[in-house]
Amino acid sequence: MKAQAILDNAPRHATAAPSVSLPARVRIRLWDLPLRLFHWLLVLAVAVALITGQLGGAWMELHGKAGLSIIGLVVFRLVWGVIGSAHARFLSFLPTPSRLKAYLTRRWRGVGHNPLGALSVIALLGLLAAQATTGLFSNDDIAFSGPLFALVDEALAGRLTSLHKQFANVLWGLLALHVAAIAFYAAFKRDNLVKPMVTGWKEVERHQAPPADHQNASGRKGGAIAFVVALAVAVAVVYGVSGAALPGSPAAAAEPATATQGKPGW
Numbered sequence: 001m002k003a004q005a006i007l008d009n010a011p012r013h014a015t016a017a018p019s020v021s022l023p024a025r026v027r028i029r030l031w032d033l034p035l036r037l038f039h040w041l042l043v044l045a046v047a048v049a050l051i052t053g054q055l056g057g058a059w060m061e062l063h064g065k066a067g068l069s070i071i072g073l074v075v076f077r078l079v080w081g082v083i084g085s086a087h088a089r090f091l092s093f094l095p096t097p098s099r100l101k102a103y104l105t106r107r108w109r110g111v112g113h114n115p116l117g118a119l120s121v122i123a124l125l126g127l128l129a130a131q132a133t134t135g136l137f138s139n140d141d142i143a144f145s146g147p148l149f150a151l152v153d154e155a156l157a158g159r160l161t162s163l164h165k166q167f168a169n170v171l172w173g174l175l176a177l178h179v180a181a182i183a184f185y186a187a188f189k190r191d192n193l194v195k196p197m198v199t200g201w202k203e204v205e206r207h208q209a210p211p212a213d214h215q216n217a218s219g220r221k222g223g224a225i226a227f228v229v230a231l232a233v234a235v236a237v238v239y240g241v242s243g244a245a246l247p248g249s250p251a252a253a254a255e256p257a258t259a260t261q262g263k264p265g266w
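The sequence shown: position 62 = 62 (the UniProt record's numbering), numbered continuously.
It is worth saying that the hints were derived from the structure and are not from the lab.
Just so you know, not all the hints are guaranteed correct.
[Unchecked claim] Derived lysine-lysine pairs resembling DSBU-like cross-links, with alpha carbons at most 35 angstroms apart:
id	residue 1	residue 2
1	K65	K165
2	K195	K101
3	K189	K101
4	K65	K195
5	K165	K195
Given the sequences, and given the hints that come with them, work out the whole structure.
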């Protein structure tokens, strides 16, 4: 009886709930649709520009159109880097000294572009902007000239044409480094950088994932209005540098021709 009383008076502990094992990796939304479209359209435009530049001749007209496309895409990216979604904004991945130090000492825990990748992005955007801009004033002394060639004298056009060709060689080198870095990450770090740029989603370690409220807030940035603004700025810049509004351009010359159409020539 005493033993039973002792058992009855013994403190009763609640049965512990079974622990739930959380997955080590989670899936997050990384790259938005406008950024992914920009990336792959830029790949296409750069490929066309480089190939047609090598072919020359009748291909130079397409080369010029590819150059204008690159200008529009770079301008779009610059605007989107200010008003786009969180991971697309330059402030989120600028390679500051502290971020570079953290990355080199293996303490960087961000998502998106790492500091070295950010340096590559900035270098490529800057070089493409310089390359396309010099092309606007270039002249091959045969049959092709840039849309703004008439705005500069022959000596300056010659220097810009020379720079345009030199920048092309540097661009080949940067693109080779870019592709090599992607291959290195895939082979040695098991990090597929291409797939998120296609799907927009990336798997990361749980401790790297931003909080849910941060992800929701990020998704609300860079909406339809921001996209329209960035696109409008890009289109306006392309129209401005295309030479369409310059006196003597085909577009400008079409207006007088249309106005006098059907009138007698005397």
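Consistency of the hints with the structure:
The hinted pair formed by K65 and K165 meets the criterion: a straight-line CA distance of about 17 angstroms does not exceed 35 angstroms. As the CA atoms of K195 and K101 are separated by approximately 27 angstroms, the hinted pair is consistent with the 35 angstroms bound. As the CA atoms of K189 and K101 are separated by approximately 20 angstroms, the hinted pair is consistent with the 35 angstroms bound. Only pairs whose Cα atoms come within 35 angstroms are accepted, and K65 paired with K195 is accepted, the gap being roughly 29 angstroms.
Restraint check for K165 and K195: satisfied, since their Cα atoms lie roughly 33 angstroms apart, inside the 35 angstroms limit.
In terms of the numbered hints stated before, the structure departs from none.
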